[in-house]
Each structure stands twice: as structure tokens, then as C-alpha cells.
Amino acid sequence: MYEYIKNTNKPYLIVANKADKIAVTKVEEAILDIKKELKIKPEEILIPFSSERKIYIEDTWNNINKWSEK
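Taking my numbering, I'd label the letters of the sequence shown as residues 621 to 690.
Treat the hints as calculated values from the structure; they're not laboratory data. There may be inaccurate statements among the hints.
[As the list claims (entries may be wrong)] DSBU-like mimics (lysine-lysine), calculated; alpha carbons at most 30 Å apart, straight line:
1. 686 with 674
2. 686 with 661
3. 686 with 630
4. 626 with 659
[Stated by the list, open to error] For each label pair, taking beta carbons as the anchor points, the in silico distance ranges come out as:
5. 654 with 631: 12 to 22 Å
6. 681 with 638: 27 to 37 Å
7. 627 with 673: 28 to 38 Å
8. 627 with 674: 25 to 35 Å
9. 653 with 680: 11 to 21 Å
10. 627 with 672: 27 to 37 Å
11. 642 with 678: 15 to 25 Å
12. 627 with 654: 18 to 28 Å
13. 623 with 645: 23 to 33 Å
14. 683 with 638: 12 to 22 Å
15. 629 with 666: 11 to 21 Å
Idealized CB from N, CA, C, for every residue including glycine.
Using the sequences provided together with the hints, build the complete structure.
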């Protein structure tokens with residue numbers, strides 16, 4: 621799915637859900653692991669997300685809203 625979305629040449633945001641399953645101190649390390657595994661470029665945005673704990677929701681919406689403002 622990631623490769624397909626990249627090839628559409630449309631803006632996209634990578635959201636890694638279930639961030640609540642990882643200790644807060646380990647989230648950044650997990651994000652780096654995902655970026656490495658998917659070979660995500662530095663300019664691509666990958667945000668952790670947890671609807672259960674309501675964390676990172678604001679970061680996600682801020683990034684989505686950047687596209688709607690253009």
C-alpha cells in the first residue's frame with residue numbers, strides 16, 4: 621500500500637497506529653525502525669498515533685490541515 625500511495629504523486633502522511641502499545645520512551649525508536657524498514661525518505665512524514673490514549677492526534681491533524689490550506 622505504501623508503494624502504491626507513493627506512486628500516485630499525491631500528498632500523503634504515514635500514520636503508525638497503536639502507539640499506545642509501546643512505552644512512551646520507546647515510540648521514537650519504533651518510528652526510526654519503521655522508517656528504516658520501509659526505506660522512508662527524511663522528507664516523508666511518519667507520525668505515531670493512538671486514538672485510545674488520544675496522543676499524537678494534534679500532530680496528525682496539523683499535518684493534514686497543511687494540505688487543506690493550499
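Tested hints:
1. 686 with 674: Status holds; Cα separation ~21 Å.
2. 686 with 661: holds, 19 Å
3. 686 with 630: holds, 13 Å
4. 626 with 659: At roughly 12 Å apart (the allowed maximum being 30 Å), residue 659 and residue 626 satisfy the hint.
5. 654 with 631: 12 to 22 Å: holds, 19 Å
6. 681 with 638: 27 to 37 Å: violated, 18 Å
7. 627 with 673: 28 to 38 Å: holds, 33 Å
8. 627 with 674: 25 to 35 Å: This hint holds: roughly 33 Å between Cβ atoms.
9. 653 with 680: 11 to 21 Å: holds, 20 Å
10. 627 with 672: 27 to 37 Å: Holds, at about 32 Å.
11. 642 with 678: 15 to 25 Å: For residue 642 and residue 678 the Cβ distance comes to about 19 Å; the hint holds.
12. 627 with 654: 18 to 28 Å: Because 19 Å falls inside the window, the suggested range holds.
13. 623 with 645: 23 to 33 Å: holds, 31 Å
14. 683 with 638: 12 to 22 Å: Taking Cβ atoms as reference, residue 683 and residue 638 lie about 18 Å apart, which means the hint holds.
15. 629 with 666: 11 to 21 Å: At roughly 19 Å between Cβ atoms, residue 666 and residue 629 fall inside 11 to 21 Å, so the hint holds.
Consistency note: the structure conflicts with earlier hint 6 alone.
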